[in-house]
Amino acid sequence: EAQVTQNPRYLITVTGKKLTVTCSQNMNHEYMSWYRQDPGLGLRQIYYSMNVEVTDKGDVPEGYKVSRKEKRNFPLILESPSPNQTSLYFCASSSTGSTDTQYFGPGTRLTVL
Amino acid sequence: LAKTTQPISMDSYEGQEVNITCSHNNIATNDYITWYQQFPSQGPRFIIQGYKTKVTNEVASLFIPADRKSSTLSLPRVSLSDTAVYYCLVGDGYGQNFVFGPGTRLSVLP
Chain A
1 EAQVTQNPRY LITVTGKKLT VTCSQNMNHE YMSWYRQDPG LGLRQIYYSM NVEVTDKGDV
61 PEGYKVSRKE KRNFPLILES PSPNQTSLYF CASSSTGSTD TQYFGPGTRL TVL
Chain B
1 LAKTTQPISM DSYEGQEVNI TCSHNNIATN DYITWYQQFP SQGPRFIIQG YKTKVTNEVA
61 SLFIPADRKS STLSLPRVSL SDTAVYYCLV GDGYGQNFVF GPGTRLSVLP
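Top to bottom, those sequences are chains A and B. Counted the way the working numbering counts, the first sequence spans residues 1 to 113. Counted the way the working numbering counts, the second sequence spans residues 1 to 110.
Chain B on its own, in the form it takes in the complex (with noise of 0.2 Å):
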């Protein structure tokens, strides 16, 4: 299984671009890499999924090294309401074979 490292925490200001980086050393040929946002108290929510390369959305950017063993989530100009926590899920889809990374804490100050 694919193991993943985070930041535990980091501290952004309102309208700067934020960016996460996962590491996954151990990533295998057929995972799929995969952020989620989770509120205090709520289920997490899909932000964005990506294989190699670059993944764009409404949302956010997902970018991917072509050796996989690491990924980068980018916020753009977070607001107040981005303060949440961010896990990296990394898998092949396949019922257990995938783990959630431990969550970065993202602080979004005024």
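Okay, chain A solo, but in the shape it has when bound (with noise of 0.2 Å):
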């Protein structure tokens, strides 16, 4: 089955432990990206990759950290975490890029108390 899958679902940490939510997909698509989903905001995009090894900001990436090592793989690191991190975070993979159809992760809520 072709599908985007995020872990952990679920987090609750604390401001400045680091972390790492992990994304990966079966259907080797080049374009990979995450976005954050905040109340009223919408989907915004946090980093997006256009293949292995290339990747690059998006609207919002202050905070963040991602790599592009293997073409599955698409992790989101937040080296120190603060509480306005606190949201709900999808990865979403595409064949080429953003208007090609995007397959979208389950998602993480994201908590940094």
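No wet-lab data here; the hints were simulated from the structure. Keep in mind it's a predicted model, so treat the numbers as computed, not measured. Please note that the accuracy of each hint is not assured.
[Said to hold, decoys possible] Computed beta-carbon distance windows for the label pairs: (1) B:R45 / A:S80: 29 to 35 Å; (2) B:V55 / A:L41: 27 to 33 Å; (3) A:T22 / B:S41: 17 to 23 Å; (4) B:R45 / A:L41: 36 to 42 Å; (5) B:R45 / A:P39: 16 to 22 Å.
Every residue, glycine too, gets a C-beta built ideally from N, C-alpha and C.
Make one complex out of these two single chains by using the hints.
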């Protein structure tokens, strides 16, 4: 089954404690992206990757890092989480770009205390 | 970047046709228009995409006028399960060059 998986689905942590949210897709997609969703703000892109070892900033990259060492994986790293990063995070992938059909993961609800 | 404007919310009744309009006055020549559906606590799901005129698939139709400054998602005969948030996305497919609209919360009533 074609899918995007994220782990963990729920995470509660404290300020400053480094964390990684994993994202994996099994569709051999070149394009992967991370979004955060906050009430009233819709979906905002954090980082995206056009292919292995190619990443770039989205609209709200501050406080986040990503890496793309393999085609299927695109982890989101928060080196020093802060309460304003409390949000619902989605990973997505598509064949070649953002207007190709994007397949979204189930979401990771992060709370930073 | 083309910004989009959608109604914040809409109500409808089962069996009715629902039309949701998205305004994108600054759409660029290379931009496509894509609509997604999102249920609570789930990731968005692709509904339909178009460039101009009309596109139809098994779940919806998308109407785009000649000037492409707006688009209308049409959902025929909605059911309770169509209650969701609908997002309009405009972009050319290359990385950051797209914008998700604020979304329209559709409530289908019995």
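Verification of the hints:
1. B:R45 / A:S80: 29 to 35 Å: holds, 33 Å
2. B:V55 / A:L41: 27 to 33 Å: At roughly 28 Å between Cβ atoms, L41 (chain A) and V55 (chain B) fall inside 27 to 33 Å, so the hint holds.
3. A:T22 / B:S41: 17 to 23 Å: holds, 19 Å
4. B:R45 / A:L41: 36 to 42 Å: violated, 20 Å
5. B:R45 / A:P39: 16 to 22 Å: Given range 16 to 22 Å: holds, Cβ gap about 20 Å.
This entry does not satisfy hint 4, going by the numbered hints stated previously; all others are met.
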